[in-house]
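Asks: Here is what each chain is made of, one letter per residue.
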Amino acid sequence: MKSTLLLPEKLKIYGWILLIPSALLGLLYIIADWSLLSIPVGSQDGLFDAPGDLYDEIIGIGIIIGGLLVAFCKVPDEDEYITSLRLDSLVWSTYFNYALLVLAIAFLYNDGFWYVMIFNMFTVLVFYIIRFHWQLVKFRKSV
Amino acid sequence: MKNTIKVERARHDMTQAQLADKIQVSRQTIHAIEQSKYVPSTVLALRLAHVFQTRVEELFELEVSDWQR
Numbered sequence: 001m002k003s004t005l006l007l008p009e010k011l012k013i014y015g016w017i018l019l020i021p022s023a024l025l026g027l028l029y030i031i032a033d034w035s036l037l038s039i040p041v042g043s044q045d046g047l048f049d050a051p052g053d054l055y056d057e058i059i060g061i062g063i064i065i066g067g068l069l070v071a072f073c074k075v076p077d078e079d080e081y082i083t084s085l086r087l088d089s090l091v092w093s094t095y096f097n098y099a100l101l102v103l104a105i106a107f108l109y110n111d112g113f114w115y116v117m118i119f120n121m122f123t124v125l126v127f128y129i130i131r132f133h134w135q136l137v138k139f140r141k142s143v
Numbered sequence: 001m002k003n004t005i006k007v008e009r010a011r012h013d014m015t016q017a018q019l020a021d022k023i024q025v026s027r028q029t030i031h032a033i034e035q036s037k038y039v040p041s042t043v044l045a046l047r048l049a050h051v052f053q054t055r056v057e058e059l060f061e062l063e064v065s066d067w068q069r
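In order, the protein sequences belong to chains X and D.
In terms of my numbering, the first sequence has 49 at position 49, counting the first letter as 1, and numbering is strictly consecutive.
In terms of my numbering, the second sequence has 10 at position 10, counting the first letter as 1, and numbering is strictly consecutive.
These aren't lab readings, by the way, just hints derived from the structure by calculation.
Even glycine gets a Cβ: it sits at the ideal position worked out from N, Cα and C.
Careful: at least some of the hints might be erroneous.
Once the Cα atoms are required to be at most 27 Å apart in a straight line, the calculated DSSO-like pairs of lysine-lysine come out as [what the hints assert, rightly or not]:
#1 X/Lys141 <-> D/Lys6
#2 D/Lys22 <-> X/Lys74
#3 X/Lys138 <-> D/Lys2
#4 D/Lys2 <-> X/Lys74
#5 D/Lys37 <-> X/Lys138
#6 D/Lys22 <-> X/Lys138
#7 X/Lys12 <-> X/Lys138
#8 D/Lys37 <-> X/Lys141
#9 X/Lys138 <-> D/Lys6
#10 D/Lys37 <-> X/Lys74
#11 X/Lys10 <-> D/Lys22
Now the in silico label distances, taken between C-beta atoms and shown as ranges [unchecked claim]:
#12 X/Glu80 <-> D/Glu61: 16 to 22 Å
#13 X/Met117 <-> D/Asp21: 47 to 53 Å
#14 D/Gln24 <-> X/Ser38: 26 to 32 Å
#15 X/Tyr115 <-> D/His12: 58 to 64 Å
From just these sequences and the hints, can you work out the full model?
Replies: Written out as structure tokens, the structure reads:
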């Protein structure tokens, strides 16, 4: 059975190479307001509002593309049982993500909620990656 | 769903790894099927039947719980 929506196995390493530094730089940017460099961009006029500095945009896109590659590249022994682990992990991470978001909507306001929204752009993917890989380790250890 | 994969495997003197190799899944998937923790797709069930030169119905049997939603 062919699972056509998954990405080629060999791209996964590039996913990690993109995801880990992007995530670390992103955390430093959000929590400590620290930037590795500045990428200022042109005028404020135009069809879109100028972002001012492209640094955070590039990091955000790096996390998403890296995360998608890590999440959805095939594993070497990909088979239909592993596909079922993927579905389980995707459903679990969606529930978990929105459970946390509901709590945040109920109990956090202003700056606190703003931080949650920033993290929430990536958390479904991150929770999926953690859950799926954990399930995969358990599966491979099964007798 | 009950299955006789383990019995058939023993009858054909095959390890889980050898069977896994023949039907192109991981060894742990064979283990999960044998433990009835995972119900394989039709394609996989037919591959198993092909390897053991039997019919799918000989390998898998419905249980009462399979009729409950």
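Asks: Hint numbers the structure violates, sorted upward?
Replies: Numbers 4, 14, in rising order.
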